[in-house]
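S.K.: Each chain, written out:
2 protein chains.
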Amino acid sequence: MSAPRLKHFGWGRQGEGLSAEEEAFVLARAEARFGTKLQVSATAPPLDEIKLAAPRVTAPASLSFATSDHYDRAAHTFGKSYPDLARGLARDYASAPDVVAYPRNEAEVAAVLDWAGGADATVTPFGGGSSVCGGVEPKRNGHKGAATIDLRAMGKVKEVDKTSRAALIEGGTYGPALEAQLKPHGLTLRHFPQSFEYSTLGGWIATRGGGHFATLYTHIDDFVESLRVVTPKGIMESRRLPGSGAGPSPDRMMIGSEGIFGIITQAWMRLQARPAFRGGGAVRFKDFFTAARAVRAISQAGLYPSNCRILDSAEAYNTGAADGSVAIMVLAFESADHDVTPWMKRALECCADHGGTPEAAGAGAHREGAAGVWRNAFIRMPYAMERLILRGVINDTFETSITWDRFEQFHDAIHAATGNAILEATGRKGQVTCRFTHVYPDGPAPYFTFHALGEPGNLGAQWHAIKSAALDAVIESGGTVTHHHAVGRDHRPWYDRQRPPLFAEALRAAKKALDPQGLLNPGVLIDPA
Amino acid sequence: MSAPRLKHFGWGRQGEGLSAEEEAFVLARAEARFGTKLQVSATAPPLDEIKLAAPRVTAPASLSFATSDHYDRAAHTFGKSYPDLARGLARDYASAPDVVAYPRNEAEVAAVLDWAGGADATVTPFGGGSSVCGGVEPKRNGHKGAATIDLRAMGKVKEVDKTSRAALIEGGTYGPALEAQLKPHGLTLRHFPQSFEYSTLGGWIATRGGGHFATLYTHIDDFVESLRVVTPKGIMESRRLPGSGAGPSPDRMMIGSEGIFGIITQAWMRLQARPAFRGGGAVRFKDFFTAARAVRAISQAGLYPSNCRILDSAEAYNTGAADGSVAIMVLAFESADHDVTPWMKRALECCADHGGTPEAAGAGAHREGAAGVWRNAFIRMPYAMERLILRGVINDTFETSITWDRFEQFHDAIHAATGNAILEATGRKGQVTCRFTHVYPDGPAPYFTFHALGEPGNLGAQWHAIKSAALDAVIESGGTVTHHHAVGRDHRPWYDRQRPPLFAEALRAAKKALDPQGLLNPGVLIDPA
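Line by line, the protein sequences give chains A and B.
Heads up: the first sequence at position 65 corresponds to 65 in my numbering, and the numbers run straight through without jumps.
Heads up: the second sequence at position 222 corresponds to 222 in my numbering, and the numbers run straight through without jumps.
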């Protein structure tokens, strides 16, 4: 690859980050929030300051695509969560894998699994490495060593079926490469998570990633036509079918399995024609709950906008989309087939029923005005965290879902629990904001962001206290521990309270059947039997 | 229940069946098809001609809702498939359960499972009994006895959440009772399979039933918000969530599990507001493949019609919807929220692009003209089979799905294989027709009907030869053994060729964890480990 290599600390590739202007904007907002100047108290760890234990296992020469080089091990130690950054600042890379393999095909994936079985090494699948829940951090869990399989060398669109609008795509394909290979065919997957540039198809499927569409097709799940997975017991492949009623779906067992059963090497994915018609814009509401009622009306109307996200007034202010006095809805329709004006018109009527005032509307509006400002801030967000943490700022997000009947009470309980936890953990008031990322006829997916000013050297522990209180409230109030970020290891304690105990038994039994040595991602989702 | 009891042979309740006029129509079509008068050669079995073995196990007095009465055992021997009828004619009720239990609540369901575990009796869940694939026929499989749990006494809508448009509904609720209880709330599940009157919510979920909507929401799967299932190891209940990314979906493991893991006692279901706006009608096409290309255009346009089904010319003729020279599309849009004219207009443009000519259009058109004629024939179809078999007619249906790129070749291969098998098995030409029941952006769900004139006394074997050849062709050509009829025991040999072998291992392991004695529906989907 000719692009600069991925950072071993922080988001993206070496040399990438916030511009001076973006950093000044983010910093000014943070200083205003905490009412104090922020001083740099830590530095990102240079590669040569990171000390790694000698590898406990090494790959044989036959695995020529595997390495135990210092950079590769360091760069595969963490995902991109706040506690990952906190440990990075402390130069704590103790979880580094012993071996990193970059297989170029399925046979090489299988060869790594075979070797790992003999060498007693755990195996961690790694896509773009953007996990924010401890999903790609290697663990030995009593085994001798730990290997990471990085799928980046399996990044091809292998076959395109224009008639059925589907393509066979390798699991290690990064978002931009995937879209670039589909574009000449006039097709698109339209899966644009915030992590789009640094995440892969296999990762999206393994974690049930949430994407572009705010309604209807929200999760990658619905776009999977068939899967091919390499497990320690062999290859599992499902048929290409538009729909089936033949027993429980084999794909649905693999979707969301977070690497505990096997490695997704390729998938037939359902695609879209590239949109040619667009309508959209921002709509202002007096407050978040009023905006939410308009969202409910739209989501129950069968209009299926591509975007129908709302920001509370504080979040709209923080991202520069509004002045802090109003909630904002970002509304958009798109189609490759027909003018969307009747759809947009009816959705704006639903907004007007709840006092919503359009800021601007028309083709192209989704990239302009409040909607466009928010969109840019959203995409650059991950770069801000690695700069703010150097100044002692704790900020993170978590996402959930709840039915409409419980939403307002749910929102208030979580908002209060998180705000109180910030005060208790840091001795200083912070901020909690909320937006909707996806919406369903039966309820929204609220996405919370929190900001706190912590104590350098103690940031990880303070973060943990806040996040734990927030997730306690989510689980106690009936929500899901994650709507699209996944479970990984960080969310396990709350997932264990959410997941039916007998389903854990079934998962454990299935894992034992497919991964008898328990080498794949031990501790993710379930513990061994 | 004050309604007449269910028949022990044939469709529906005692006293129900084709009118003389309907029977004459069906008979005339059949006689024209085979070019011969049809003579009655068999009689339906009166209850007192059915001999049952003495029960191998009986329920204790504490299970006051269980019985070993002759009628109850006979009426729970079969589903409603053609071979079930053929064995009925032969008075072969050897599969009758020893005990039929009608639990009134979850505790009574659990009590039956507990008793069956001690008595070494297999357990067959029974909803409306409309299985057409051997899904409700009791088997002992080496165990001492066989019990059927009929859920009909658990038929309540327990709670309605109008805000989220969802309801908590018991698993044994029949279609009409379900809709009747939702109607006062202005809500509807809109799940209307052909078996609607004689099937239950739990059955729809256990078999991944296909319903009202021809596009978008085709399977019951998407309407399940949460499930409660009684397994031999205890109760498994999922959270009510509009969407979640927390591990593989627990519900998706139960949906389509056909009773092998447990008994679905209740579910929170996503509902619709009752439609207030409608548009639709029939569209004529010169042939089936041309109509199919119009269906593909509509299904890829993002319009989501509630109906978008096509009939080939022979099927349109057989049901009285057309004269045999044209293929027919039944097209409809419905909405509780908005006028659907722009949607219908664009869909008709897609039809016109392929030479489609609307027969009639407008509100109410879905119940009139060719569309209405077909709809009535469709609903009355199951009553015809039990009359025709008495005259030696073999007729049955099977349904599958395939991606668009392979559809035409697939259709021709199956059509030819089935037609040839009819000739080979019966020595006489029969007929094979096709329609689409559901369509997806990546492919259709073709539904085949075949008609043959068989030899009285040998009908079951002839049917088996024809159906086997048809399903061989389906599996060899890349389709699914079932799109929405389920697998049961009849489709097992082909399901075994379709299902990934490692997924079978995972299912077997999960079953062992939830049903260690292997008592629930043995032989359905998988064999024991």
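No wet-lab data here; the hints were simulated from the structure.
Here the structure is a predicted model, which means the values were calculated and not measured.
Treat the hints with care, since some could be wrong.
The list cannot tell twin chains apart, which means a pair is met if one copy fits it or any two copies do.
[Unchecked claim] Straight-line C-alpha distance at most 16 Å; calculated EDC-like pairs for lysine to aspartate or glutamate:
hint, residue 1, residue 2
1, LYS345, GLU359
2, LYS183, ASP496
3, LYS37, GLU359
4, LYS156, ASP472
5, LYS345, GLU455
6, LYS233, GLU505
7, LYS512, GLU31
8, LYS512, GLU49
9, LYS139, ASP69
10, LYS162, ASP405
11, LYS345, GLU424
12, LYS512, ASP339
13, LYS233, ASP114
14, LYS156, GLU179
15, LYS286, GLU159
16, LYS183, ASP69
17, LYS139, GLU159
18, LYS429, GLU31
19, LYS286, GLU16
20, LYS429, ASP92
21, LYS286, GLU424
S.K.: Of all the hints numbered above, which does this structure not satisfy? Sort the numbers upward.
M.R.: 2, 3, 4, 5, 7, 8, 9, 11, 12, 15, 16, 17, 19, 20 and 21
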